[in-house]
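J.: Hints are included, so try docking the two chains, each in its own frame, into the full complex.
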Amino acid sequence: MIIELPDTTTGAVARALVQVRDEGGAVALGRVLTLVVDAADGDPEPAIEAANVASREHPCRIVVVCRCGSTGDQLDAQIRVGGDAGASEVIVLRAGPELLGHADTLITPLMLPDAPIVAWWPYEVPEEPSSDPIGVMAGRRISDSLACANPLDSLRGLRAAYAEGDTDLAWTRLTVWRGLLAAALDQPPYERVSRAVVAGNDVHPSVPLLAAWLAQALRCPVDLELSADAQGVTSVRLDRESGPIVLDRPDARVATLHQPGQPDRHIAMPLRTLTECLAEELRRMDPDEVYGEVLRDGLARVGVA
Amino acid sequence: MSRAVTAERNPLRDVRDRRLPRIAGPCGLVIFGVTGDLARKKLMPAVYDLANRGLLPPGFALTGFARRDWEDQDFAQVVHDAVREHARTPFREDTWRQLAEGIRFVQGEFSDDDAFDRLSATVAELDADQGTNGNHAFYLSVPPKAFPLVLEQLSRSGLAAQENGAWRRVVIEKPFGHDLASSRELNDVVSQVFAPEAVFRIDHYLGKETVQNLLALRFANQLFEPIWNSNYVDHVQITMAEDIGIAGRAGYYDGIGAARDVIQNHLLQLLALTAMEEPVSFDAQDLRAEKEKVLSAVRLPKDLGRHTARGRYAAGWQGGERVVGYLDEAGVAPSSTTETFAAVRLDIDTRRWAGVPFYLRTGKRLGRRVTEVAVVFKRAPHLPFESTATEELGKNALVIRVQPDEGVTLRFGSKVPGTSMEVRDVTMDFGYGHAFTESSPEAYERLILDVLLGDPPLFPRQQEVELSWQILDPIINYWSRHGAPESYPSGSWGPPSADAMMARDGRAWRRP
Numbered sequence: 001m002i003i004e005l006p007d008t009t010t011g012a013v014a015r016a017l018v019q020v021r022d023e024g025g026a027v028a029l030g031r032v033l034t035l036v037v038d039a040a041d042g043d044p045e046p047a048i049e050a051a052n053v054a055s056r057e058h059p060c061r062i063v064v065v066c067r068c069g070s071t072g073d074q075l076d077a078q079i080r081v082g083g084d085a086g087a088s089e090v091i092v093l094r095a096g097p098e099l100l101g102h103a104d105t106l107i108t109p110l111m112l113p114d115a116p117i118v119a120w121w122p123y124e125v126p127e128e129p130s131s132d133p134i135g136v137m138a139g140r141r142i143s144d145s146l147a148c149a150n151p152l153d154s155l156r157g158l159r160a161a162y163a164e165g166d167t168d169l170a171w172t173r174l175t176v177w178r179g180l181l182a183a184a185l186d187q188p189p190y191e192r193v194s195r196a197v198v199a200g201n202d203v204h205p206s207v208p209l210l211a212a213w214l215a216q217a218l219r220c221p222v223d224l225e226l227s228a229d230a231q232g233v234t235s236v237r238l239d240r241e242s243g244p245i246v247l248d249r250p251d252a253r254v255a256t257l258h259q260p261g262q263p264d265r266h267i268a269m270p271l272r273t274l275t276e277c278l279a280e281e282l283r284r285m286d287p288d289e290v291y292g293e294v295l296r297d298g299l300a301r302v303g304v305a
Numbered sequence: 001m002s003r004a005v006t007a008e009r010n011p012l013r014d015v016r017d018r019r020l021p022r023i024a025g026p027c028g029l030v031i032f033g034v035t036g037d038l039a040r041k042k043l044m045p046a047v048y049d050l051a052n053r054g055l056l057p058p059g060f061a062l063t064g065f066a067r068r069d070w071e072d073q074d075f076a077q078v079v080h081d082a083v084r085e086h087a088r089t090p091f092r093e094d095t096w097r098q099l100a101e102g103i104r105f106v107q108g109e110f111s112d113d114d115a116f117d118r119l120s121a122t123v124a125e126l127d128a129d130q131g132t133n134g135n136h137a138f139y140l141s142v143p144p145k146a147f148p149l150v151l152e153q154l155s156r157s158g159l160a161a162q163e164n165g166a167w168r169r170v171v172i173e174k175p176f177g178h179d180l181a182s183s184r185e186l187n188d189v190v191s192q193v194f195a196p197e198a199v200f201r202i203d204h205y206l207g208k209e210t211v212q213n214l215l216a217l218r219f220a221n222q223l224f225e226p227i228w229n230s231n232y233v234d235h236v237q238i239t240m241a242e243d244i245g246i247a248g249r250a251g252y253y254d255g256i257g258a259a260r261d262v263i264q265n266h267l268l269q270l271l272a273l274t275a276m277e278e279p280v281s282f283d284a285q286d287l288r289a290e291k292e293k294v295l296s297a298v299r300l301p302k303d304l305g306r307h308t309a310r311g312r313y314a315a316g317w318q319g320g321e322r323v324v325g326y327l328d329e330a331g332v333a334p335s336s337t338t339e340t341f342a343a344v345r346l347d348i349d350t351r352r353w354a355g356v357p358f359y360l361r362t363g364k365r366l367g368r369r370v371t372e373v374a375v376v377f378k379r380a381p382h383l384p385f386e387s388t389a390t391e392e393l394g395k396n397a398l399v400i401r402v403q404p405d406e407g408v409t410l411r412f413g414s415k416v417p418g419t420s421m422e423v424r425d426v427t428m429d430f431g432y433g434h435a436f437t438e439s440s441p442e443a444y445e446r447l448i449l450d451v452l453l454g455d456p457p458l459f460p461r462q463q464e465v466e467l468s469w470q471i472l473d474p475i476i477n478y479w480s481r482h483g484a485p486e487s488y489p490s491g492s493w494g495p496p497s498a499d500a501m502m503a504r505d506g507r508a509w510r511r512p
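Top to bottom, those sequences are chains B and V.
Each residue of the first sequence is one higher than the one before, counting from 1 in UniProt numbering.
Each residue of the second sequence is one higher than the one before, counting from 1 in UniProt numbering.
The following block holds chain V by itself, in its conformation from the complex (with noise of 0.2 Å):
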């Protein structure tokens, strides 16, 4: 008698083998907003990159939906143009092909019910044709306030009802509402719609390696978690910097700000793995049941004047190039109040984390692109130099580099070569290796097999996002109160006040 196979048990599925790959069921995947720059450069490119690599299922099907007059053939040549030019693997005729076969075009308004009802027919037909099982995946590209239009069509149509074993899912990209009030409005219509575990709020930093990486170095590791607490951490630095400007965005950009465009999901997340206990393992729910926690633990401080700041930047020269200030850029009102820089000072009431601050900063057009999380430690408590020997030392740091040029380095004090005693600060690297990154999946690919495989281990859910909106809300409120912000140069490090604000704690930004 052969061996059993069970929808639990595969045997051909073997926990030590693990060269085998995680491949989707039969599914498709249908875009909104296959217009928009996410959808060509991230999205498309991503999808085929999965397919290059064979993790998605035999008959893939790829929908798009927007407003264009434009044929199956159409949409197919733009998704075959976003490949050639954004896609990380090899273009292959053969897998382009394959891909082709199932690629669909739907148009129409959202407010249109006979555009989703000719969707309804589509995703029907490529049930028939391509074999994809009754299994969809709906990726919202577009803006927060079509979600809620959107999703009743989907529901109307019936496209959001799961039957007969088959999924049906969701994808929502940042930012989930724009403070606590709106997050929870947004929240119950997806999930009049969707039950919660078909929700995928996607925050593509958490697929970045070096993100998940994060959780290997200090969990992994004797070496950093027995000093990753405040008895030897003097204080967290967690920087998202663009050297970009809103690039044409104002419609979306004005009235949200780098606060809650990037801190409220980035570097909060960024933050609460930094911070976090140990989970008892990296199922989603023991992960999220720490996340959540950690974040819940955070405290503002008490006088956000002294201990928050934001800018807006102004006109410069910067990297040799002229730019314009934040209020002339195209679409912005010449009273707009919204920052492009901000930074906070958070503390974490934790026995962990007591009297060590987490400083979290992000703007627009600053010295050059790059995110990252230092953890700078204490000095050393006794010193047994000469103080003229270790005037140049700093504190030791453990940066994690986000991006670009993913890696982690150490700062440390070593001898100088010669004959007297002095002591310099010198950087121990760590690269994935500079074309290493070129080979590593992008977040895209990851985050939408994730959702093909209905695998939740990466995706914030609700709780998280209204946890993160509680520690903004104040802060963003304090600052509608107190007019525009301050300007600072294209191409700085942020205005004076940033500066300021750690001074006041006797610190001082690093230069990432």
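The shape of chain B in the complex, shown without the other chains (with noise of 0.2 Å):
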């Protein structure tokens, strides 16, 4: 179901939601975080749907400010709840650009009780997130370097401009390489690794940042293989006294696990969907203390600063 409410006050839509409650019964309570998505000039749909889907794990109120368009100091607002919105309820507030000035006090009828926000900025990140109206109010902000305009460029913004509680879709992205690394190294033999390469896309952000958590991790040297066509993180190498472990993936698709003295491993390694990355993000609220090592200082270690 969607409501239209053309030209309203938040206030307004936060009635209009207690109405929808009493009338529909439909709408279930037990919401777990309120959700702020900024698309600014950006079309929302895209990140619209990815929250939907994402609600069926963490069951939200989503909460989504964007121009589209807008030039006026008119609120026009949209509610989707139901079928339209999967486990959430999803507000679309579309305002111009002075109402967006105030967009903390144009959300704050809107946010649940006591229940932890999240901001993200699908596209876009303002340059420092933890002072942003928005982002002051969350707990946690999520941007997506990967989505701006220039990602390296942004990376470094976030760098500059980190505060406990950011973090950023390119980290998210490494959680299955990162998986595999670690069980690697689980395994015998246990020894240190010399000296570590990390291949992949030259203006991927989550290649210098798997590159900087190897390197804070393990202490070791760590190169960089870029290349223009490459898609994400391509290969991953780890040099040890007995042999290198690889970690290849070219295709985007299948990954290979090189090891010597043993036979080659394939395993399924899609890149991840916006979806996946966002539900892994709203699984905890906490700060990501090792999301602000490898940031700060672990991409100092491999020379993007």
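Honestly, the hints are just simulated from the structure, not real lab data.
Just so you know, not all the hints are guaranteed correct.
What the hints assert, rightly or not - Every beta carbon over 10 Å from chain B, so not counted as near; a handful from chain V, in silico:
no.	residue
1	G248
2	R288
3	L327
To be verified - These stretches of chain B come out as covered by chain V in the derived footprint (C-beta under 8 Å, 3 or more residues):
no.	segment
4	33-47
5	169-178
6	190-201
7	264-278
8	284-295
Computed from a predicted structure; not experimentally measured.
Backbone N, C-alpha and C fix where the C-beta goes; we use that ideal spot for every residue, glycine too.
T.: What follows is the structure, given as structure tokens:
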């Protein structure tokens, strides 16, 4: 069900939400968080779609603020519940730049009581997420440097402005890589890694982040092999005395783990979808300290600062 | 100098890094009884879902063992169909293709030495081709009477032997015996072949999110634990009701019955988790210590006739469908005295629970499918209202819904709107969310992953199994001397004697 509320206020939207619940009764309570999506000038629909699917794991209220071409000082709202909103309720607020300048007080009436607030910028990220009006309200701030016009610059910006609670989807996209690499080191022979090489796309922010994580955790030299036509991260090599562990994923679909003296092992490892990443982000509400260290100290170790 | 890597310390693992998934090391899973329902509906889909979530190691191998005359491809097709039909996560061609690479099938009877030698060769081949490194888990999804034979074969063919730091583990499903003596016999057979820490007894209830949430609810909150005792709790009801009959499993069910099938494992485990003291930590050992303590403090009623009840479903109409009675099910002997409904009162002799009875009931062909733990509180000692105002006020209750519609309900009194004071029961409801459950992992995913990781907290050990048989044996013996169980109509909530048993204590069953 979609309810249009043209030229309205967020107080009226909040009242409309209560009314929908009273009349329909279908809207579940038990929401665990409020997800604020700041789509700015971008198209909010892909973000809403991803958030709806993620809400099946984390029932939430989704509040989307966007320009969507609006220039005046009028607020248009839309409420989506039931089949149009997954396990969530979606409130889309369309407003011009002046209203969006006060986004915090605009959305305040719509925040769930007590529940944590998560801010997500699916497109361009503010210069300093933690002091952005919406970012200040949020305990967790999700950016997506890959979706920015200049991903590596955005990553550097995030590094300079890092505050506890920040997180970036370029980091989330690495979880599967990191899990497999850590699992490989769980097995004998237990040897130091003397040197590591990370290969991947030259403007993909996940590539330097993975190198930074390895450098930070292993304290060994890490080299980057960059190319313009690679898809994301394509290969990681960990040099050890008995020979290198190599995890290869040339086609963004199937990865192969090479280890000295052992048969090659294959595993399906597709590029992670936005939904998967978002669901992972919403799983924890406390600051990701490891990400913070990798961003601040690890990147410097691999010369991306 | 870079950081050292040891077996205990992997520098890529950081306790603060909780995103990092626990991926099992190189290994394979061998399933005996792959043609069974459990394997098709639960195990194979769970394996695929784990693969899809990226939690299985690269090169994971799945081997089926059964009597059918199948080639590897035939078995792969069976797994494929099972995954397509029953997997929780979306079907991805790439995930499937990688999984399929490690699928093998070995044809044979359990008595056939040759078949087990072929299995041994297959496993060795997988070590060489897929890199399973000698680590294998054997899942015995077979009738318990086949356990001794399969275990003996595993031992004879050398499949159970752990060499060069590789592990071999065995997974067995309930029932773990049919009484104390037989559970000990079974354990003797198993422990001759596998070390205690290599034996994983699966009680899939313990893998359920809601059961694990019971621990979180009790021990992560300040709100509930202070009233979780005989000062405030009147009694506890633990119910597991099924709306289905025995569904063609007469061969398994007849002679076993509801008490052995459900109370011995699921309900006594739920009782233990509800009643136990706070464990020192959530390590397997500490958790088990508390469960064993509370199970060992369970006391049976003196007069078993007055405080237990059993029943057998009769023909009837259930939810708009005509269903046959238990005695008319295919394969059930007309002289059968097997119960399909069992209810017992248990007391726990500890300071916390003195005087608080625990009522356990389970049955087939009951009103609806539901499993829940209901903690029913005492009435407020004084009600400062006119007696007419609180006529409709029941006892407060905290209900943990294990399945379906997982969540927690709190029942309490609230004023009815209007001028006069009138208090009526209302419910406050926490649901994991109607759609949320779709995304939460199946119990079998968690359990299979724990087996592969060698992580035992959720698996009961032999001691717990023996303690629960000690509780149940006298009841079953008593029943066996008292003829056939009382009939109850299919689709009802059990026999009248179950209600009478509660009425004697001045209580009544909740309608779940």
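J.: Determine for every hint whether it applies to the structure shown.
T.: Going through the hints against the structure:
1. Every CB of chain B is more than 10 Å from the CB of V/G248 (nearest about 34 Å), matching its label as outside the interface.
2. No Cβ of chain B approaches the Cβ of V/R288 within 10 Å, the least distance being about 25 Å, so the stated non-interface status holds.
3. Consistency note on V/L327: stated as away from chain B, and its beta-carbon is indeed over 10 Å from all of that chain's, at 44 Å minimum.
4. Counting residues of the segment 33-47 of chain B whose beta-carbon sits less than 8 Å from any beta-carbon of chain V gives 0, not enough to reach three: the coverage restraint is violated.
5. Counting residues of the segment 169-178 of chain B whose C-beta lies closer than 8 Å to any C-beta of chain V gives 4; at least three are required, and the coverage claim holds.
6. Requiring three or more residues with a Cβ within less than 8 Å of a Cβ of chain V, the coverage given for the segment 190-201 of chain B holds, as 5 such residues are present.
7. Taking a C-beta to C-beta cut-off of 8 Å, the segment 264-278 of chain B contributes 7 residues in contact with chain V, enough for the three needed, and the coverage statement holds.
8. Note: the segment 284-295 of chain B has 4 residues with beta-carbon separation from chain V under 8 Å; the three-residue rule is met and the coverage holds.
Of the hints listed earlier, the one the structure fails to meet is number 4.
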